[in-house]
Amino acid sequence: MVRWLFLLERRKGQNSLSAAEAKGKAETICQYLEVRFGIESQALQEKVRTIRDLKVLGRITNKIFVVANFDEASALVEDYLVSR
Numbered sequence: 001m002v003r004w005l006f007l008l009e010r011r012k013g014q015n016s017l018s019a020a021e022a023k024g025k026a027e028t029i030c031q032y033l034e035v036r037f038g039i040e041s042q043a044l045q046e047k048v049r050t051i052r053d054l055k056v057l058g059r060i061t062n063k064i065f066v067v068a069n070f071d072e073a074s075a076l077v078e079d080y081l082v083s084r
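Position one of the sequence shown corresponds to residue 1 (the working numbering), numbered consecutively onward.
It is possible that part of the hints are untrue.
To be verified - 30 Å max Cα-Cα, derived DSBU-like pairs, lysine-lysine: (1) 25 with 47; (2) 47 with 63; (3) 63 with 25.
Read the hints as simulated data drawn from the structure, not as lab findings.
Can you build the whole structure from these sequences, using the hints too?
Written as structure tokens, this is what we have:
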């Protein structure tokens, strides 16, 4: 019983850490969108904030810095939203 409680608490801690990491990655993407595209990116930022999958956020982060324009950034995020 004690072991089970320990494992449960450990899992909660990992989930909290993953959630915090996801929020941090999403905020990094949103900050970039804000600086690069300004107010035009507000709706896209809200969509990014709904993503909780660390792998997806990591892929977006790796690609967002090389987009040529807002349409490419939007398509990048939308592609990942549709595929999940």
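Each hint, compared with the structure:
1. 25 with 47: 13 Å, holds
2. 47 with 63: 16 Å, holds
3. 63 with 25: OK: residue 63 and residue 25 at ~13 Å, within 30 Å.
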